[in-house]
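Chains as they are written, first to last, in numbering that gives the first Met the number 0: chain A, 0 to 81; chain B, 0 to 387; chain C, 0 to 410.
Worth flagging that the hints you see were computed from the coordinates, not collected in a lab. Just to be clear, a hint being listed does not mean it is correct.
As the list claims (entries may be wrong) - Short, incomplete list of chain A residues facing chain B, as computed with Cβ under 8 Å:
#1 3
#2 9
#3 13
#4 14
#5 47
#6 52
Claimed, not checked - Some chain A residues well away from chain C (every beta-carbon gap over 10 Å; in silico):
#7 5
#8 6
#9 57
#10 58
#11 63
#12 68
#13 71
#14 73
#15 80
#16 81
Note that the coordinates shown come from a computational prediction; the quantities given were computed from them, not determined experimentally. Using N, Cα and C, we set each Cβ at its ideal position, and we do this for glycine too.
Take a look at the letters that make up each chain.
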Amino acid sequence: MTRLLREHPLIDVELDHGGELVAFRWNGRRERVEVCNRWRIDESWWSRPIARDYFKVVGGDWLALLYLDRVDGSWHLERLYD
Amino acid sequence: MPLGAAHRLAPEALFLDPDPAADAAALKAALDRLDGFSPGVAAEIDPALPGFGQVEVQLDGLARLWGPEPAMVRRIDEALASILPGPPLAGIAGTRFAAAVAAALAGKTRSGGTVGSNRGPSSEPAALDIVSPGTDAAFLAPLPAAMLSRDPEERARLARFGLRVIGQVAELPRSALVARFGPGGEWLAARARGEETDPFRPRRAPERMAMALPIDPPVSDVEGLRFVLHRLTSAFGDQLVARGSAAARARLAMELDLSFSVGGIPPLMEIDQLLPEPTSEGLAIERLLIARLEMAPPQAPVSRVELELGDVAPAAGTQLSLFTPQTGRTGRLGWQLVRLGLRFGEDRVGWMEIEDSEAVLAEARWKWRRVAGSRSAEDWAPTGRSAP
Amino acid sequence: MATPPPSVQAALSSLQERLGGAAPRWGATLPSGRVEVVGALAVSPQPGLPADLPTDLPTSSDRAISSGFLALDAILGLGGLPRSATTSLHGGGTSGKTTLALQAVAQVQAAGGIVAYLDMTRSLDPVEAVARGVELDWLVVLTPDTLEQALAMAAMLLQDRTVDMLILDMPYRPLEGASISAANLAERLGRLAALARRAGVQMIVLEPPSLPAALAGALSQVAALRLELSRQAWIRLGRDVVGQRTEVRVTRDRFAPPGRAAELRILYADGGLRDACLTRDELLRDGSAGPGLVSIAWRLGANLSASGAGRTGMRDGAAPPGGLPPSPLRHAARPTPPLHSTAKSVFDDETPPSLLAPPSPSNGSQQVLRAIRGGASYPGRPALDGRAGAGREPVGIGAGSPARDAARGGP
Numbered sequence: 000m001t002r003l004l005r006e007h008p009l010i011d012v013e014l015d016h017g018g019e020l021v022a023f024r025w026n027g028r029r030e031r032v033e034v035c036n037r038w039r040i041d042e043s044w045w046s047r048p049i050a051r052d053y054f055k056v057v058g059g060d061w062l063a064l065l066y067l068d069r070v071d072g073s074w075h076l077e078r079l080y081d
Numbered sequence: 000m001p002l003g004a005a006h007r008l009a010p011e012a013l014f015l016d017p018d019p020a021a022d023a024a025a026l027k028a029a030l031d032r033l034d035g036f037s038p039g040v041a042a043e044i045d046p047a048l049p050g051f052g053q054v055e056v057q058l059d060g061l062a063r064l065w066g067p068e069p070a071m072v073r074r075i076d077e078a079l080a081s082i083l084p085g086p087p088l089a090g091i092a093g094t095r096f097a098a099a100v101a102a103a104l105a106g107k108t109r110s111g112g113t114v115g116s117n118r119g120p121s122s123e124p125a126a127l128d129i130v131s132p133g134t135d136a137a138f139l140a141p142l143p144a145a146m147l148s149r150d151p152e153e154r155a156r157l158a159r160f161g162l163r164v165i166g167q168v169a170e171l172p173r174s175a176l177v178a179r180f181g182p183g184g185e186w187l188a189a190r191a192r193g194e195e196t197d198p199f200r201p202r203r204a205p206e207r208m209a210m211a212l213p214i215d216p217p218v219s220d221v222e223g224l225r226f227v228l229h230r231l232t233s234a235f236g237d238q239l240v241a242r243g244s245a246a247a248r249a250r251l252a253m254e255l256d257l258s259f260s261v262g263g264i265p266p267l268m269e270i271d272q273l274l275p276e277p278t279s280e281g282l283a284i285e286r287l288l289i290a291r292l293e294m295a296p297p298q299a300p301v302s303r304v305e306l307e308l309g310d311v312a313p314a315a316g317t318q319l320s321l322f323t324p325q326t327g328r329t330g331r332l333g334w335q336l337v338r339l340g341l342r343f344g345e346d347r348v349g350w351m352e353i354e355d356s357e358a359v360l361a362e363a364r365w366k367w368r369r370v371a372g373s374r375s376a377e378d379w380a381p382t383g384r385s386a387p
Numbered sequence: 000m001a002t003p004p005p006s007v008q009a010a011l012s013s014l015q016e017r018l019g020g021a022a023p024r025w026g027a028t029l030p031s032g033r034v035e036v037v038g039a040l041a042v043s044p045q046p047g048l049p050a051d052l053p054t055d056l057p058t059s060s061d062r063a064i065s066s067g068f069l070a071l072d073a074i075l076g077l078g079g080l081p082r083s084a085t086t087s088l089h090g091g092g093t094s095g096k097t098t099l100a101l102q103a104v105a106q107v108q109a110a111g112g113i114v115a116y117l118d119m120t121r122s123l124d125p126v127e128a129v130a131r132g133v134e135l136d137w138l139v140v141l142t143p144d145t146l147e148q149a150l151a152m153a154a155m156l157l158q159d160r161t162v163d164m165l166i167l168d169m170p171y172r173p174l175e176g177a178s179i180s181a182a183n184l185a186e187r188l189g190r191l192a193a194l195a196r197r198a199g200v201q202m203i204v205l206e207p208p209s210l211p212a213a214l215a216g217a218l219s220q221v222a223a224l225r226l227e228l229s230r231q232a233w234i235r236l237g238r239d240v241v242g243q244r245t246e247v248r249v250t251r252d253r254f255a256p257p258g259r260a261a262e263l264r265i266l267y268a269d270g271g272l273r274d275a276c277l278t279r280d281e282l283l284r285d286g287s288a289g290p291g292l293v294s295i296a297w298r299l300g301a302n303l304s305a306s307g308a309g310r311t312g313m314r315d316g317a318a319p320p321g322g323l324p325p326s327p328l329r330h331a332a333r334p335t336p337p338l339h340s341t342a343k344s345v346f347d348d349e350t351p352p353s354l355l356a357p358p359s360p361s362n363g364s365q366q367v368l369r370a371i372r373g374g375a376s377y378p379g380r381p382a383l384d385g386r387a388g389a390g391r392e393p394v395g396i397g398a399g400s401p402a403r404d405a406a407r408g409g410p
C-alpha cells in the first residue's frame with residue numbers, strides 16, 4: 000500500500016553537484032535518499048499545464064514518491080509506501 | 000315510521016326536522032377540533048350514509064401527550080361539548096369494529112366507567128367503554144352475531160346456521176365461513192376474531208402530520224427540550240408504525256419567549272431536517288433533531304414546540320441483497336453519519352468513490368461523496384430504495 | 000445436501016437473524032447437481048433502526064479475522080486479528096502497517112462488515128484500497144482534524160455499533176492541535192478501547208513512527224494485540240525498489256505468549272506493465288525467497304504516462320507473445336489474460352528509464368483498466384495472482400478481487 004498524501008505537502012530537497020536528489024526534509028526530519036525510479040508527466044498543456052517530474056526515492060526510513068512541479072519549481076511529497 | 004305513530008309511542012319526545020347540512024357542519028367542526036388531539040381522525044361526512052355520526056380517532060402513542068385513555072376521552076369530550084348536541088359515546092379497543100361496538104354498549108349500559116366532565120350539572124358526561132389491549136376477541140365473543148354485519152341477508156344467514164353469538168363465528172374455520180358467505184365470510188371471520196378488517200384511512204391524507212406542545216415554564220436548555228421532543232417523536236413513531244407509514248422529513252418549530260431577551264432574536268426558530276431515509280422510528284427522528292439543537296441551541300427559552308413530519312408515505316420494504324449482508328444495515332449507518340456530520344461538520348464524514356482510475360494525476364482518480372442532510376437515501380445506499 | 004460456500008453461509012445467516020423464518024434458505028441439491036437457493040430476494044419489513052442486529056460476523060472464526068498473511072496468522076494466539084478488541088500496529092516508515100490494516104479491512108468486509116476509517120493523516124488512497132479488496136461502499140472515511148476530535152467521532156460510532164471495524168490512523172504528530180494534555184488523550188484512548196470491546200467492534204490503531212510516550216503507554220495497556228513491524232530488506236527489481244521484507248513481532252498478545260515473529264513479503268505495484276515482473280521471483284533481488292506471496296499492492300496509472308509526449312515512440316519492445324510465462328503465484332486453471340501491449344519491457348534493463356524517455360505507455364492495459372463507478376473491483380485488471388480481476392460476480396461475495404484472494408489462501 001502507499002499512503003497518498005492528499006495535500007501534497009511542500010518539501011525541501013537537497014541536490015548534489017550533478018543535480019541528483021540526495022535528501023529531502025519533511026515533518027521535521029531529513030531523510031537521505033537514493034532515487035530508484037523516475038518518470039515525467041505532462042498534462043493539459045493546452046490549458047492549465049501540469050508538468051511534474053516524479054522521483055521514487057528510497058531512504059533509511061521511507062520509500063517515498065516525490066515530484067518536482069516544473070511549472071513553479073516547487074517540490075512535493077505525494078506518496079509514502081507503507 | 001310515520002310521525003303520528005311515533006307521537007303515540009313517545010308522547011314526551013321532541014321531534015326535530017332533519018337538518019343534514021347542520022349535522023354535517025357540526026361534525027366538520029368537531030373533526031377540526033379533534034385534529035388537535037390526534038393526527039389520525041376519520042369519519043363518514045355524508046349525513047345520508049349509515050356510518051354518519053361515528054368518528055374514529057387513532058390514539059396510538061398519544062398517552063404520552065394527553066395522559067391515560069380515560070383522561071384523553073375526557074379532554075376530547077370537553078373539547079367537543081360546545082359543538083355536539085349531546086354527550087358522546089366512546090369506546091376504545093384494538094380494532095375499529097370492537098371500538099364501535101364498545102361505544103354502542105357504553106351508550107346502552109352507561110355503566111362501563113363513565114368519566115367526569117366539567118359540563119353543566121344538567122348534561123351527562125361521555126360514556127366510555129375500554130376494551131383492554133389484546134382482548135378484542137374475548138370482548139366480542141358473548142355479543143350477538145348479528146352485530147357483525149349490517150347486511151340483513153348475512154344476518155339472516157348467520158341465524159339460519161345457528162350462529163347466535165360472535166364467539167361461535169370466531170370458532171369456525173375461516174374456510175368454512177368463506178364457503179358459506181363468499182368473500183364476505185373472510186371479513187366476518189376477521190371481525191369475529193378481533194382482527195382489523197381494512198386499513199385505517201385518516202381523513203387528512205397523511206403526507207403531513209403535526210402536533211404541538213406548550214412548554215410551561217419555557218425551557219432553554221437542550222435537555223429540557225429533549226424531554227418534550229421525546230414525547231412528540233414517540234407519539235408520532237407509534238402513529239406511523241400503527242399506520243405502516245414512514246416520514247421523510249421533519250420540521251421543528253419553536254416559539255421563543257422573548258420577555259427577558261435582548262432584541263434582535265426572531266420569535267420563531269425553525270429546524271427543517273431531511274431524514275436520511277423514510278422512517279417510522281421516533282427515536283431516530285428525535286436524535287437527529289437533538290443533534291441539530293445541540294449544534295445551534297435556541298437563543299431564548301422555548302414556550303411552545305411544534306413538530307411536523309412531512310412526506311409521509313406507506314413504508315416500503317427495502318430490498319436486501321442476499322450477497323451483500325451490509326445492505327441490511329445501511330439505514331442505521333446513514334442516520335449515524337448524518338448525526339456525525341451535524342456534530343463535526345459535513346465535510347468530515349463521507350465515502351470515497353473512484354472516478355477515473357486511469358487519470359494521470361492521483362488526485363483526479365477519485366472524489367468524495369459527503370454526508371449531507373439534504374441527501375436522499377438513494378444517494379449513498381448502493382442498493383437503496385428509490386427516492387420519495 | 001450440499002453445504003453452501005462460506006460467503007453464502009454468511010449472507011444467509013445474517014438474513015436469517017434479521018428476518019427469521021422469512022429469510023431465504025439454502026435448498027436441496029437438484030438432480031442436475033446444481034444447488035438451489037430458495038428465495039432469491041428478501042424484503043425487510045420496516046426501514047429504520049433495527050435494534051437487534053447481529054454484531055458478530057458468522058465467518059471463519061468468531062473470535063478473529065485473518066490478517067491476510069498466513070505467516071502472521073500462524074503466530075497469533077487466535078489465528079488472526081482479534082475481533083472485539085484493539086490491535087495496535089507499531090513500526091517505522093515504510094514498515095507495512097497500512098498494508099496490514101487495509102488487508103484486515105478487506106477481510107472484515109468480505110465477511111459482511113462495515114468499516115470506518117479515521118483518516119487523520121489524510122492519506123488513504125481509495126484506488127489502492129480497492130485494488131486490495133476493500134469495498135468503498137462499506138468504508139466510511141472520517142477526516143477529523145485532531146486526535147481529540149477523532150476520539151470523539153470514534154466514540155459516537157462505537158456507541159451505536161453501526162460499524163464492525165474502526166481503523167484509527169493516527170497523525171504523524173498526534174498531539175498537534177489538541178486542547179488537552181497527552182495524559183488526557185491517553186486516558187480517552189483507553190476509554191475508547193474499552194468501549195470498542197464492549198460494543199464488539201474491532202479497532203486497529205496505526206501508530207505513527209514516533210508516538211509520544213504517554214500515548215504509547217496507553218496503547219500498550221489497552222491493546223489486546225500489539226504488533227511491531229520492522230523492515231528487514233528491500234526487494235528490488237533492477238534498480239527500483241518494488242517491495243520489502245518485513246518482520247512482524249508480537250510484542251503483546253492477550254491470547255498467547257508474546258515474542259513470536261513472522262516475516263512478511265510485501266510488494267508494491269506502481270501500475271503499468273512492469274508490475275507483471277513482480278510475479279516472477281527470479282527477477283526480484285531479494286535476500287531470501289521468503290514464504291511465497293503475501294501481498295501485492297496495485298497503484299494504477301502512475302507509470303502509464305498517458306498523454307502527450309509519452310504516447311509517441313517507445314513501441315519497440317514486445318511483451319512475450321500470448322501473455323506472460325506461468326507464474327508460481329498463479330492458479331493453474333486460470334491463465335493470465337494476455338496483455339495486448341507492445342510496450343517496451345523493462346525487466347531486463349538495469350538502468351532506470353531516463354527522464355527524457357518516459358516509461359512505456361501501455362495502451363492495451365489502459366483500455367482494460369476502466370473503473371466501475373463506485374464499484375468494488377476492476378474487471379479485467381491484470382491481477383498479479385494470475386486471476387483475471389473479474390468484477391463482482393453475481394454469485395458469491397468477494398469473488399474475484401485479487402488482493403482478497405491472495406489474502407484468503409495464498410498460493
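Q: Could you check the structure against the hints above and give me the numbers of any it violates, in ascending order?
A: 2, 3, 4, 5, 6, 7, 8, 9, 10, 11, 15 and 16
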